[in-house]
Structure formats: C-alpha cells, structure tokens
Amino acid sequence: MRDVAIVGVGLSRWGEIWDASLRSLWSDAALAALADAGLDRVDSITVGSMSSGLFVGQEHVGALLADELGMPGVPATRVESACASGGLAVKAGFAEIAAGFSDVVLVTGVEKMTDVSGDECTAALATAADAELEVFTGATFPGLYAMMARAHMQRWGTTREQLAAVAVKNHGHGLLNPNAQFRSRITVADVLKSAKVAEPLNILDCSPVTDGAAAIVLAEVGVARTLLKGRPLVRLTGIGHATDVIALHNRKDVSAIPAAAHAAAKAFAMAGRAIKDVQVIEVHDCFTIAEIAVLEALGVCAPGEGGRQAASGRTALGGEIPVNVSGGLKSKGHPVGATGVAQLVELTTQLRGEAGKRQVAGARVGLAQNMGGTGASSVVSIVEVAS
Amino acid sequence: MSLNPARVAREFPTRYRLEAARCTKCGASVYPARRVCPSCRATAFETFTLDPNGTVVTFTVIHVGPSSHKHEVPYVHAIVELNGGVRVTCQVADVEPAEVAVGMPVRLEFRRIQEDGEAGVIAYGHKAVPR
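Here the protein sequences line up with chains A and B, keeping their order. Start counting the first sequence at 1; every next residue gets the next number (this note's numbering). Start counting the second sequence at 1; every next residue gets the next number (this note's numbering).
With the rest of the complex left out, here is chain A (with noise of 0.2 Å):
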C-alpha cells in the first residue's frame, strides 16, 4: 500500500446561503483547496454527498461537479453513507492512492440543505434511519439520539447539564473560527431553557441545517513532498471503517456507539497508534450526547465517563486532550456530506500551525470521526505530521 498525504484544504461559506447552489458551494471548495495544494489537475475526484436528490433534485453529482470545474474527463465518483458520505469520500480517495490507481485525488463533500422546507428537509435527513421500523412510526434523528442520550442517562447517571457542557464547549471553541456558522457563546442555562425538540434534548442539543463544502487534496506521499511549499507534511496514516445495526433497537446497548469504536480500532491499527498519541480531535456532535458516546467509544475516557468529562473541561481548549476546537458540527455547521471532510481540513490546519486562535499547541497526531445515521456507519481516520 502507498502511503498518503493531504496537500491542500478549502472549504466553501457555510451557513444558510440563499444566493450560492450545490456546484458553486462545491467549486468554492474545490478552488481553495486546489490553490492551497499549488496544482491545477487531478487524477480523479471523490464526492460525498448524502441526499443530493431530496435536498435539490440532482443525482449523478460526480460527473456533474467534474465538469463545473472544468475537469470533464476526469473520473468522478460520489459515495453515500448517510452524514458519514465525507468521511467515506476520504476514504475512497485513500484507497484509490493507496493501491496506484491514482498520484492525486480531489476528496470533496457538499450538501445544500437550505433550498427544501424544514419538513422536507427532515424527511431527507431521516431516510438514514430504517424507514419501515422506525420512520414509519414517527421517529426523527432528534428524537433517535435522545433515546440514545435517556438510555445514558439511565445507565450511567450522566445529566441533563453534562450533555449542555458539550454544546457550551463547542460554542465557544466556534468564537474562535471564522468558519463557523453560529458564532456565539452560550452557557448551561440556555441550552436548559432552549426549545425542546426530543426530550431530553433542546434546540441548542442540536446541529444546525448547514450549506457548505469541503474539499481536500489528497496526493501519494512522493508527489506530496514537491508540494510542500515549507509547510510540514500531514500524512493520512490510518482509517477505519465500520458499520452497525442501522435500527437503533436492534443494537444491544442504546447508550454506545460501537461502530466508532471498531472504525478507531482499525484506523489505531493501519496508523500503529494508540488515542494516547493524539492531541487534537474532531467528533462528530450531531447531538450533544454523541459526543459524549463517540469519546466513550474511541477511548478518550472510560464508559460512562463521557458526561463527567464533558462537564470538566478536559476536552475543551486547553485542556488535556481538546475535542471539537473547530466548534464541531454543533457550532461550524453540519452541512452532512461535507462534515467528514471538513474535518481534515481542521485537523490540517491544526497539525500545519495555522489554526490561529484556535490552535492546539503541540499538535502532532489527529483523529477525526465521521458517522452516519445513529451510528451505524463510522469512518475514523488518524493524520500526523512527521517530527
């Protein structure tokens, strides 16, 4: 297998952006991360992209999006695994690297989520979950993940103000992101008096509805090293990909997300790391309690540990190991296929210095995890840069 290296990031606006579409949301993102890398071809392109149909009535986006960036000839491939179709997007372009098919690979993920109604666009969104066992009877991701955070609870003993710690974190680590789509501080008390959506959880336990894109050049680690301008070289060592029961019922315990925990298994393998060797990390926080499961999942701390430690202050900024400096999906946004890619980008910027305000010091070894409906699809992916 060859080894693999990110040599350019971009990301598009994100927000709810009225007067950009799918493709100009996506070239956006292509552009920057093209300009970053310092190249203007590619051997092929990987797309993530969940619901291109639901949320603005285009399939074939591969080829679509190839041709707006004037590349029409250049093989184009879209994957799908619900909000993990970024994270998968990277791991298509890994592996196209990795077994010699191609030298250099623009990885993308995009989803413009704004231009169908709040009904539509959760429908779309729920299609990740099982349609005859559990959207049929009224279910919605809200209400899975606070069955998911009740059962943790229950479990554990983990609290209502735990699961907002995770929301206050992630906000305030979002201030310092010029990226992010809702730049505000929040405390405890307003995640408890926001609006209920799927008791236990609040508005301000959710993601936002996000348009935006997120691309990464991704290129074999020879190539890679023409392309480093002075900047460090950020290998892509290991990723790990898992799936689970897609009906939340059917899993055995309710309270864990067990598809992360074997994706970081097989990243921590390819990677030959462990999580004590990472310092910097982003989860995906689709919910408060997800965070709060995946960290439980990947090692970070102990089963049941995951609310305590949110509530700490161990994975904020500044603290031991820091989680979600991006802001996370909760605060950046989660435009869903383009969140697993957008991820690198941080993690890029992070391991390169460049994060600004945000920047963990110190940052050496980074892992990010992407995941798909309530956990039954999960990519892990390490990145280092060499010391």
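Do not take every clue at face value.
Mimicking DSSO-like on lysine-lysine, the simulated pairs with C-alpha atoms at most 27 Å apart in a straight line are [stated by the list, open to error]: (1) A/LYS276 with A/LYS357; (2) A/LYS252 with A/LYS229; (3) A/LYS196 with B/LYS25; (4) A/LYS196 with B/LYS70; (5) A/LYS276 with A/LYS266; (6) A/LYS193 with B/LYS70; (7) A/LYS357 with A/LYS266.
Hint data in this document are derived by calculation from the structure and do not stem from the laboratory.
Could you slot chain B onto chain A? The hints should help.
Below, chain B alone, put in the same frame as chain A:
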C-alpha cells in the same frame, strides 16, 4: 412521503399480525422476518407471533415531528423490548408523557399510524399502551 399501496400492503404480516421468524438453527427471534439470521446467518426459519407484552427500554417525547406525525405532537416515542427479547420502535399512546418511565410495562395495540390525506391509504401498525 406519500404511502405507496403496495409498500404498505407488503408489510401487513409484520405490522398487522406481528409475524416474526425464529431461526431453526440458533433459535434467534427475528422481527421483521428476513432472509438471513442476524445471529448465525442461517437461512431457515419458522413463523411465530410476537408476544405483544413488554417494557420500555428508553423513550423520548417528540415536540418537533415529521410531517407524517406533526398533528400528534407532543408524542412519546420509545424502544420497547417485548417478552422473548424482540425490540421495536413505536409510539406510546394513551398516557401522559410525564407518566412514561424506563421499565414501564406496556402492551402493543393495533392502531392507525399514518394516513395519506383524505382519499389516500391509511397505514396501520402497533403502538404501545400502558398495561
């Protein structure tokens, strides 16, 4: 999403009659029936009917509902473990949300789940009620 009549009808055994499958190799109870046993991957089953009695494993009270269930908010949505170990996701009806608790004994009852406008398909299934 509109209710396609064929899609609704093909779920009748599962949703109307609570028909489940028991793996003839490992004995696992599988609901709904499927081609491959999720426990041992054997492919031979016998049909049985679920015991409709069980308990609440976890639940939520949904305040922002999907268009199909918006008229019912706030409603209680739960994971219920039936006697015999099969779990289902369903609403808990005929109860005040504040009275629902983890471990509460419930029974599945045949209820209307969704309807597709005035002239469209009405889809039935089961909701849990206190017992």
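Can you give the numbers of the hints that this structure goes against, from lowest to highest? Hints 2, 3, 7 not satisfied by this model.
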